[in-house]
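Protein chains in written order, with the numbering used here: chain Y, 1 to 380; chain U, 381 to 760; chain E, 761 to 992; chain R, 993 to 1221; chain H, 1222 to 1450.
Just so you know, these hints were derived from the structure itself, not from any lab.
Just so we're clear, the structure is a prediction, and the values are computed from it rather than from any experiment.
Ideal Cβ positions, reconstructed from N, Cα and C, are used throughout, including at glycine.
Heads up, a few of these hints could be off.
Claimed, not checked - To give an idea of the interface, some chain U residues facing chain Y are shown, with a C-beta separation under 10 Å as derived from the structure: (1) Q399; (2) L400; (3) Q511; (4) V590; (5) G594; (6) Y630; (7) I643; (8) P677; (9) K745; (10) D747; (11) Q749; (12) K755.
Said to hold, decoys possible - Covered stretches of chain U, as calculated for chain R (at least 3 residues, CB under 8 Å): (13) 455 to 462; (14) 484 to 490.
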Amino acid sequence: MSLQLDFRIHRASFELNVQLQLPNKGVTVLFGRSGSGKTTLLRCIAGLEYQADGKLRFNNQIWQKKTFCLPVHQRPLGYVFQEASLFPHLNVLKNMQFGWQRVHENKRSVQFEEVVQLLGLGTLLNRYPSQLSGGQRQRVALGCALLTSPELLLMDEPMASLDSTSKADILPFLEMLKERLQLPVIYVTHSMDEVTRLADHLVYLQNGEVLAQGPLQQMLTDPDLPFISTGQASTVLQAQLKSSAITEDYLAELTVEGQRLFISQQDIPRNHLPRNKQLQTNTHLADTKPSGDAGSPIRVRVMARDVVLATSPPQQISLLNCLQVRVMDIRDDNNPSQSLVRLALGQQIMLARISRRSITRLGLKPDQQVYALIKGIALN
Amino acid sequence: MSLQLDFRIHRASFELNVQLQLPNKGVTVLFGRSGSGKTTLLRCIAGLEYQADGKLRFNNQIWQKKTFCLPVHQRPLGYVFQEASLFPHLNVLKNMQFGWQRVHENKRSVQFEEVVQLLGLGTLLNRYPSQLSGGQRQRVALGCALLTSPELLLMDEPMASLDSTSKADILPFLEMLKERLQLPVIYVTHSMDEVTRLADHLVYLQNGEVLAQGPLQQMLTDPDLPFISTGQASTVLQAQLKSSAITEDYLAELTVEGQRLFISQQDIPRNHLPRNKQLQTNTHLADTKPSGDAGSPIRVRVMARDVVLATSPPQQISLLNCLQVRVMDIRDDNNPSQSLVRLALGQQIMLARISRRSITRLGLKPDQQVYALIKGIALN
Amino acid sequence: AKELHVAVATNFLGTMQQLAQNYQKSTGHQLLISSGSTGALYAQISNGAPFDLFFAADNQRPEKLEQQGLILTGSRFTYAQGVLVLWSSEDNLVDAKGEVLRHGQYEYLSIANPDNAPYGFAARQVLEVKGVWQTLEQQQRLIRASNIGQTYSQVASGAAAMGFIALAQARLEKKGSRWIPDASSYSPIMQQAVVLKTSSDPQLAQHFVSWLQQPSARRIIKNAGYYMPDVY
Amino acid sequence: MWSLTPADLSALWITVKLAVISTLLLILLCAPLAWWLAHSKSRARVIIEALVALPLVLPPTVMGFYLLLLLGPKGAVGGFLEQLGVGHLAFSFSGLVIGSMLFSLPFVVQPLQNAFSEAGGRVLEVAATLRASPWDSFIHVVLPLSRRGFITAGVLSFAHSLGEFGMILMIGGNIPGRTQVASIAIYNYVEAMDYQGAHQLSSILVLSSFTLLICIFALNRQAKVTQIH
Amino acid sequence: MWSLTPADLSALWITVKLAVISTLLLILLCAPLAWWLAHSKSRARVIIEALVALPLVLPPTVMGFYLLLLLGPKGAVGGFLEQLGVGHLAFSFSGLVIGSMLFSLPFVVQPLQNAFSEAGGRVLEVAATLRASPWDSFIHVVLPLSRRGFITAGVLSFAHSLGEFGMILMIGGNIPGRTQVASIAIYNYVEAMDYQGAHQLSSILVLSSFTLLICIFALNRQAKVTQIH
Ligand SMILES: Nc1ncnc2c1ncn2[C@@H]1O[C@H](COP(=O)(O)OP(=O)(O)OP(=O)(O)O)[C@@H](O)[C@H]1O
Ligand SMILES: Nc1ncnc2c1ncn2[C@@H]1O[C@H](COP(=O)(O)OP(=O)(O)OP(=O)(O)O)[C@@H](O)[C@H]1O
Ligand SMILES: [Mg+2]
Ligand SMILES: [Mg+2]
């Protein structure tokens, strides 16, 4: 736990009061409704909220305490603002060089060309911000922040106005960065997809206070939190990837609590590939079979709506994955026609959202042993 | 077809060249990668691109031709800009009143309080824009545009930075507005979820040109377009809602091409409810059973990844919906471990994405009769 | 009672105000006084300024107006003759013979601009007689104010050690030391006045002019520090 | 303690009248010009911008002299007006106003132009989509957003009109009760060596301007704070 | 065609030197003040803002007189400098520069203050997160974004320094070759009824300023076009 913070802000009709200890690597996602204080908290961490009263310690370095506040520009962080903010008098190239040039060569941990290429900015370098589209501006702002080789990355909805192709290009890069640089990231997003894909740690803010926080898995299945009742309710399972598990048909075999699971090779996180391949995104992996070792841990996401329950293992059906699980409990869902079934898979918990009618028809009860069928592609 | 447009713009490294005829009701979604010209096209329609050379006719009224250009403020349109833009010198209330006061009372088709309440702005009315969070600003901007009671609504990613709860509140309101006001809407979004939920018509832009356009259903299943290869690939089915179809367990029964389908009552679009209920969002429908008539048409969305194929109807499984379909063709997916199966369901087409291994195991072939299993909750 | 509009060179303004008071007392007529530099007033008159009378600080401008036919024929007359004085605000700086100009330890000497102010021209003549003009000019110690009013300000503020001003000004100062050069060392400073052709009431203007010839009026002018040959 | 002569009072009154009238007129007339300068893409713009600054380059008396030539009965403008029966403008309060306006022109145009340049762009587009005509937008969006520019323009022009005297003396003719303003009165006091009178009138001018300016800036600041710009 | 006397030439040269030096110095010194005024939340701000505009209120000659009292050998400042062995400032070029600066103060501070107010906020926050120290941000972000304000300040101050003569005459003493500037020379021509000489020198001043201003505004415009502000 190496980002320790404790902030209080009083505003006319809003009060922030947050104490947190965040891990010094991995992605912490700040989640919460509009106006819950996510941006304000990021600004406090960056040192931009002068009225903030509090303490902040990063990796044994004190950034703020009662009588002291490390100036923003001396904090080794990168900040992607919610509204992409570029220097209007500089073109894209100079905007990106701004932070890059202010970091000592020895301290640079990313490559300029790498970032430019990955964010697809090669053809825009001579443009001025006023000549860019919304998404282009957002990508440039992302580039500017990354190019300062930060030790802590703060990102406020960095992909809100990006198309899915751009997102699909950038997300793996962020995952890679996070692994390679061992860089703690604090990430604000409203997209459950980004949460399940990126988050290690989740902080749920409500009206300026931390309602709950914890590791992703635990938070997603906590019945008291709203995650389980969204349409996007998901669980994340810890699995092991076998090195020899690559099949002819581009599937990879995993083990979860002793049971087999197949996922698409493409969904295997990049960091399980040899280092020199890490930057090749969007290329098919067929030619470069991953060399993850037998037990290399990997996490897979299972959306509650993708889980089908059966009382006997079905045949002749296009569902690859069939896990034996035990029904823990069955709860009402927000949607009255649905129920939320929590399933025990060894030590782990999985969610399934199925219709009440199916519950009745199958006669599901707590403690019953059932088969959870998951579509292979639902994992990532 | 009552929005006819024909625009050309030359810029240093971008060229827009668009001819379109759009329906005069329903939602047309502009889709395309970052920088493809979506915002530029909206600005042309609004009359904000002075360099634009072209023609524009809206409902037999000429807005622009060679020698004439109707000034922006005389066009009865509402525009939600990509970057929420409010007047910094006015508080939220006065911002919202700005357009409202400039529309004649007789021409007002929405209610001030209604919009304020729905967008959750009640407590923010006295704030200035600089005191709002990103999502709050976006909601105010949305309100400002709606309050001009437009005859044509242009929206540029109006929900990009909204949390899912706000979205879930606002989307039904937009659906209702679109039905009630018979208001044509041109909507830019990167979210497939919003596309399938709102769009009637889809325009796919690439490098400033219309790559394809047409009704939603047709566009989504077109093998030449990128929609089928995204993770979000979906089809939209035309179904009929039976008035007597409301069951005890909050499901509604639909008919698709003569076959039965169950969906959650909650997913029934609001416009199928009695008018006085239209504004009650997020309330359970149990108490207000929808009164749609026997054959009232309704559309349901099926994501390709939610479809499971079986060669015999499975038993003892929590899948409510089982449709008899015919395999049309099987194509490679972007993901090498997956295949995309196009299924004929009567006159309609449905997509299923399943693993290659399942194709082999089940021995699927074109023209084969199979069972398509869809999770009830996957419909909306 | 009627009104007469009089344009006066700034250095005669104070005296004119005194005269105006007396004139009003004795005749009931009022004087409306506009002041300015002689050059500016001349430019205004050539461009139709609504004055009846013009009291210049020199004879050059009135002559010019006469040549241009802008005045009532024969109305030009000398109303006062200026007396030049070297003045310093320091008590013992200026000696009775003006030798300080030659030997004194002073930094700056202020005079009115010799090119357009009669007092300046006279000062230059005095300096030339003393033989210091060239030196002062070369050493850039000569301040050229726009008129003697400014010269006075510069000396009074102590910025310039001394300066050539009108006796009319120096009289008002109790402090300081002064030297009045011999009247023969410079050409007489004839302050002339004219009645303008555009005058709306030439008769009243003439009346005022003749009133000025009266001893009481002349005494006022003399007491103000001007040389009035007839009174002596 | 202070003993102002009636002439002083009348000079003060004319001064205030002159400063107020010329500042208001100037702002009214210059706003469109500044708007055009801020938004025009015409090449002529640069020339007009340069012309606007020119009145500053010449010494005020000399400018006054040239204005006299122009506005006097023999001048092009004055003569024309004379023929119309309006009367030429030299030595009248109207002439004073014109001179004063000409002389404060750059102080009004430049700040307004800068303010208008900033207050353009996106907000105007938003206003147009919210049905505001260009004129409506100008009044309800541009003007409030350019407040700072207007204050700067007003303050500079007002203060400058108070202190200007070279040109005013030349074109106004320093006629008591009509065109004699406070600055000329002070000048006269100094010239007449009545330093007491000069100090007194100067103090009044400076102190009242100071008070006025403080009020203006304080109000401006308050407006800014409530808006949290 | 034109026949300038050596005195005219030297006056022109001193004029240019004075305008350039005082404008540059003024901008250098006023930038921090304007920055403080734009961003301070102190109550003293309003008072300083009002003080800055005050030099305009008094007639230049009178201001010059008061300055003379201050800077002359008997004045507080002049006397002090005298004791230091620097010499008092009256009738020297340095005194001229000081007077000219004081008189153009409001034209420099106000536009800069407005520009700095606009160029604050978000971009400064971005710059700080990109490791720019406040000073670094000021140089590389605020200055370029305030270009318009600097141009306005420079142009107004430069033009005003060219034309100002009342105060300069008083405090500079019109010493040929040292403190006689073109505006005084023109004034003298007018006073001496040498209208030919006045026209000639005026034309030179006006035309060369006009050319200079056109160049400045054209360059500014070009910079703006490439940036598409
Ligand atoms: N400058 C300010 N002055 C007063 N209140 C403010 C200010 N900035 C933000 N607020 C308020 O503080 C609260 C928290 O704002 P914040 O921007 O942190 O929200 P957020 O969680 O980032 O929301 P969003 O998802 O909409 O961006 C909001 O209610 C907002 O209205
Ligand atoms: N003012 C401008 N001058 C020159 N080029 C511009 C200008 N505005 C936009 N462009 C370019 O025109 C193209 C289309 O821009 P547009 O804003 O329409 O894209 P978009 O489809 O809305 O993208 P996004 O999803 O990122 O908002 C982009 O390549 C952009 O860089
Ligand atoms: Mg936010
Ligand atoms: Mg866009």
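Verification of the supplied hints:
| no. | hint | result |
| --- | --- | --- |
| 1 | Q399 | violated (21 Å) |
| 2 | L400 | violated (19 Å) |
| 3 | Q511 | holds (8 Å) |
| 4 | V590 | violated (17 Å) |
| 5 | G594 | violated (20 Å) |
| 6 | Y630 | holds (4 Å) |
| 7 | I643 | holds (8 Å) |
| 8 | P677 | violated (21 Å) |
| 9 | K745 | violated (14 Å) |
| 10 | D747 | violated (17 Å) |
| 11 | Q749 | violated (13 Å) |
| 12 | K755 | holds (6 Å) |
| 13 | 455 to 462 | holds (count 4) |
| 14 | 484 to 490 | violated (count 0) |
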